[in-house]
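Protein chains: 2
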Amino acid sequence: MRLVALAGGTGAAKLLRGLVRVAEPSRLTIVVNTGDDATVWGLAVSPDLDTVCYALADLLDRERGWGRRGDSFQTRDAMARFGEPTWFNLGDLDLATHLHRTGLLRRGRTLAEATAAIAGALGVVPRVLPMSDAPVRTRLLGPEGWLDFQEYFVRERARVPVRAVRYEGAGAAAPAPGVLEAIGEAEAVIVCPSNPVTSIGPILAVPGVLAGLGATPAPAIAVSPIVGDAAVSGPAGALMAATGLPVSAAGVARAYAPWLDTLMVDEADAGRRSEVEAEGARCVTSRTIMTGPEEEVALARAVLGALA
Amino acid sequence: MRLVALAGGTGAAKLLRGLVRVAEPSRLTIVVNTGDDATVWGLAVSPDLDTVCYALADLLDRERGWGRRGDSFQTRDAMARFGEPTWFNLGDLDLATHLHRTGLLRRGRTLAEATAAIAGALGVVPRVLPMSDAPVRTRLLGPEGWLDFQEYFVRERARVPVRAVRYEGAGAAAPAPGVLEAIGEAEAVIVCPSNPVTSIGPILAVPGVLAGLGATPAPAIAVSPIVGDAAVSGPAGALMAATGLPVSAAGVARAYAPWLDTLMVDEADAGRRSEVEAEGARCVTSRTIMTGPEEEVALARAVLGALA
Numbered sequence: 000m001r002l003v004a005l006a007g008g009t010g011a012a013k014l015l016r017g018l019v020r021v022a023e024p025s026r027l028t029i030v031v032n033t034g035d036d037a038t039v040w041g042l043a044v045s046p047d048l049d050t051v052c053y054a055l056a057d058l059l060d061r062e063r064g065w066g067r068r069g070d071s072f073q074t075r076d077a078m079a080r081f082g083e084p085t086w087f088n089l090g091d092l093d094l095a096t097h098l099h100r101t102g103l104l105r106r107g108r109t110l111a112e113a114t115a116a117i118a119g120a121l122g123v124v125p126r127v128l129p130m131s132d133a134p135v136r137t138r139l140l141g142p143e144g145w146l147d148f149q150e151y152f153v154r155e156r157a158r159v160p161v162r163a164v165r166y167e168g169a170g171a172a173a174p175a176p177g178v179l180e181a182i183g184e185a186e187a188v189i190v191c192p193s194n195p196v197t198s199i200g201p202i203l204a205v206p207g208v209l210a211g212l213g214a215t216p217a218p219a220i221a222v223s224p225i226v227g228d229a230a231v232s233g234p235a236g237a238l239m240a241a242t243g244l245p246v247s248a249a250g251v252a253r254a255y256a257p258w259l260d261t262l263m264v265d266e267a268d269a270g271r272r273s274e275v276e277a278e279g280a281r282c283v284t285s286r287t288i289m290t291g292p293e294e295e296v297a298l299a300r301a302v303l304g305a306l307a
Numbered sequence: 000m001r002l003v004a005l006a007g008g009t010g011a012a013k014l015l016r017g018l019v020r021v022a023e024p025s026r027l028t029i030v031v032n033t034g035d036d037a038t039v040w041g042l043a044v045s046p047d048l049d050t051v052c053y054a055l056a057d058l059l060d061r062e063r064g065w066g067r068r069g070d071s072f073q074t075r076d077a078m079a080r081f082g083e084p085t086w087f088n089l090g091d092l093d094l095a096t097h098l099h100r101t102g103l104l105r106r107g108r109t110l111a112e113a114t115a116a117i118a119g120a121l122g123v124v125p126r127v128l129p130m131s132d133a134p135v136r137t138r139l140l141g142p143e144g145w146l147d148f149q150e151y152f153v154r155e156r157a158r159v160p161v162r163a164v165r166y167e168g169a170g171a172a173a174p175a176p177g178v179l180e181a182i183g184e185a186e187a188v189i190v191c192p193s194n195p196v197t198s199i200g201p202i203l204a205v206p207g208v209l210a211g212l213g214a215t216p217a218p219a220i221a222v223s224p225i226v227g228d229a230a231v232s233g234p235a236g237a238l239m240a241a242t243g244l245p246v247s248a249a250g251v252a253r254a255y256a257p258w259l260d261t262l263m264v265d266e267a268d269a270g271r272r273s274e275v276e277a278e279g280a281r282c283v284t285s286r287t288i289m290t291g292p293e294e295e296v297a298l299a300r301a302v303l304g305a306l307a
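Protein chains in written order, with numbering that gives the first Met the number 0: chain A, 0 to 307; chain B, 0 to 307.
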């Protein structure tokens, strides 16, 4: 089955790691959010692309959910002495990826080409595509003005209230080569349990993506990153509230209407079926909390089962 | 006493470390070779500037003679997987210096300004100046064509025969701000025991430097990096031979004629005094091999003594 997955970072990485164990990895295309890309120390950092690639190459630090396992922070510590910002926490192993990507971009390669080179070098089999080669920056309106996503999420630890979200540059961005083709040819679309506002939202904001999702006859299924009234991890709840979405599985269904066919919610939310279905999506339940490889595989299998 | 030192890397670092213990560091200006600067992974690397700064900040790895003590090589090892060249051996701590310098240059700072920022952040008291803000690249003609200095020295381990040396860009380079002024105001000029061809030669090739050295009434003393018929370390011997200089203390004196007043040779070369003096320099002897802090201080004291 030809699959397309829409992915952010940590939550997506878990489901994708399960998916490549139960589906054919070479027939999977992963379209990844680049709205939280950043320039750190002059280097092009693509956190979600790297989290997905590291996860599929079994290099991801599972405990942190980001960065490379066994990484060290010598360069970061030495940067502090020069007064350089260190809050972004680039590890020494991770740094190689950013140096390599930055070099490829400087030599005129696109982000999609750079991503293919990195994924290939790491032995990643699925096709990993940035949502766009053009820069799109998710920005959040906090009490003191607009913040980049990484400033909000890492530097401010998602503790400041957010009043609005925008995807800067999205209107002028084109989908990366292959994105619309993959959606058009997919036999199913899987929306990973990622933040609907800052992980999947930017992908949907790239012109053509929503139309492609609306036009494909392939079923689209999402796994809810919200259980009960809160996100499994990260600031999805606060950001959904900031954009006027209910912080619930129903809110996730609303974020993906009208093109979403099925929302998989946690079995703890079985009682919310009618709420979800009122948003126009079929509701299925599963255990959705992934605490290890078995849960990742089980959830991936449940997703494929719900598609069958 | 206002001092100017002309410096390359390892040998210079040792003498300078001694010098700041026996002379007033704030009255010392160090003019450093940038002919072996390189671009590594897209970063601006200035090996001699860094060796001098690290040495004076007590951060230099004394055993290797380059790089930072206690450094690790995680990024380098991760770069290998991406097919990036790793022969240059940039350490993780060292990398911070190159990232910081590259960022400063990208934002329009000159190399001299970037060097001042780095030296200041590391707590280096003497004034450290690059010989020029403009790129000068020492290139060596090997059997298969022209090599950059680092390709010759690090990648090829100085094992290929060299037939010619040139300082690319030197003719169009101006001395960095402060270089000629420091030479003009110096009460003594000290040429560190560095490679006359690839460490001191590039400095002398920058227009105006030779004239400044010729014009100053201040005495100029050099410490010979050659003992007997061989260099204390590194490829100075082979490169002197390649440029037609005798591989001996006399060859060093010839490289610095006619502006050099005194050459300090190792006591093992006491018998070569007349040979050196035939090149036009006074010859003094000392122990010149520096194997530790005491020898560094002793040699620095001997140099100041010879100037007195």
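Since the hints were made in silico from the structure, they are not lab data.
All C-beta atoms in this analysis are idealised placements derived from N, C-alpha and C, irrespective of residue type, glycine included.
Accuracy of the hints is not assured; some may be wrong.
Some chain A residues close to chain B (C-beta under 8 Å, calculated; not the full set) [said to hold, decoys possible]:
no., residue
1, 94
2, 101
3, 105
4, 108
The hints, checked one at a time:
Nearest Cβ of chain B to the Cβ of residue 94 of chain A: about 5 Å, under the 8 Å cut. The hint holds. A distance limit of 8 Å between C-beta atoms decides the matter here; for residue 101 of chain A the minimum to chain B is near 6 Å, and the interface restraint holds. The beta carbon of residue 105 of chain A is positioned within 8 Å of a beta carbon in chain B (closest approach about 6 Å), and the interface hint is therefore held. A hinted interface residue such as residue 108 of chain A counts as satisfied when its beta carbon comes closer than 8 Å to some beta carbon of chain B; here the least separation is about 13 Å, so the hint is violated.
Taken one by one, the earlier hints fail for this structure only at number 4.
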